[in-house]
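A.B. asks: Single-letter residue listing:
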Amino acid sequence: GDSVTQMEGPVTLSEEAFLTINCTYTATGYPSLFWYVQYPGEGLQLLLKATKADDKGSNKGFEATYRKETTSFHLEKGSVQVSDSAVYFCALRGQAGTALIFGKGTTLSVSS
Amino acid sequence: NAGVTQTPKFQVLKTGQSMTLQCAQDMNHNSMYWYRQDPGMGLRLIYYSASEGTTDKGEVPNGYNVSRLNKREFSLRLESAAPSQTSVYFCASRSGGTGETQYFGPGTRLLVL
Chain H
184 GDSVTQMEGP
194 VTLSEEAFLT
204 INCTYTATGY
214 PSLFWYVQYP
224 GEGLQLLLKA
234 TKADDKGSNK
244 GFEATYRKET
254 TSFHLEKGSV
264 QVSDSAVYFC
274 ALRGQAGTAL
284 IFGKGTTLSV
294 SS
Chain F
243 NAGVTQTPKF
253 QVLKTGQSMT
263 LQCAQDMNHN
273 SMYWYRQDPG
283 MGLRLIYYSA
293 SEGTTDKGEV
303 PNGYNVSRLN
313 KREFSLRLES
323 AAPSQTSVYF
333 CASRSGGTGE
343 TQYFGPGTRL
353 LVL
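Protein chains in written order, with the working numbering: chain H, 184 to 295; chain F, 243 to 355.
Extracted from the complex, chain H is given alone in its bound form (with noise of 0.2 Å):
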């Protein structure tokens, strides 16, 4: 079946550094992917996402490209902020599916 892995954390970065945060999937077909943020205490919120192949997915210094290819869909922010800390979610909704399938999370701390 359809499944979503990223990777282990916690990542642990300085403000302004750059993230990646890997997201690889299995699917039939062409799913929608998607990146949710869930900060302390909070429910998850879309950060991003890419519905077709070589979309990229942007919102809040947030990007990500849907490549086909390698079935990836990793999240990229340039300079990090103390106020990106959070956890972030990779996702997939298959051709034929209603519901979102979730990768584990990752943990992000970010400090100053």
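To be clear, the hints were calculated from the coordinates, so they are not data collected in a lab. What you are looking at is a predicted structure, and each value in this text was computed from that prediction instead of being measured. Any given hint could turn out to be false.
Stated by the list, open to error - Pairs of lysine-lysine, DSS-like flavour, derived with a Cα cap of 30 Å:
| # | chain 1 | residue 1 | chain 2 | residue 2 |
| --- | --- | --- | --- | --- |
| 1 | H | K260 | H | K243 |
| 2 | H | K239 | H | K251 |
| 3 | H | K243 | F | K299 |
| 4 | F | K299 | F | K313 |
| 5 | H | K260 | H | K239 |
| 6 | F | K299 | H | K235 |
| 7 | H | K239 | H | K287 |
| 8 | H | K243 | F | K256 |
| 9 | H | K287 | H | K235 |
| 10 | H | K251 | H | K287 |
| 11 | F | K251 | F | K313 |
| 12 | F | K251 | H | K243 |
| 13 | H | K260 | H | K287 |
| 14 | F | K256 | F | K299 |
| 15 | F | K251 | H | K287 |
Following the hints, complete the assembly by docking chain F onto the known chain H.
C.D. replies: What follows is chain F alone, placed relative to chain H:
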């Protein structure tokens, strides 16, 4: 718009007790979902409802029942709570289409003693 709302925010139960988690959305969405979040496990789908009047099992349905009361409301019931059901429960909704955004509620923290 309140989006997706959940009640209660926090609940403590004793083993064997029952309770219902409530969820409502005001975005006129067709599909609604219940997930549980456990440390190191990500979010796992319990049940979902693709449209009013329909419900289907997800990955971890055992020990739970759901009711899609109307288009707005989707409740999750624990008939006989077990310590393994200690978790954070999230409700979500979506309008339709595979690329459409899924919106989440703030969550219910449940502790079963």
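A.B. asks: Would you list, in rising numerical order, the hints stated earlier that this structure does not obey?
C.D. replies: 3, 8
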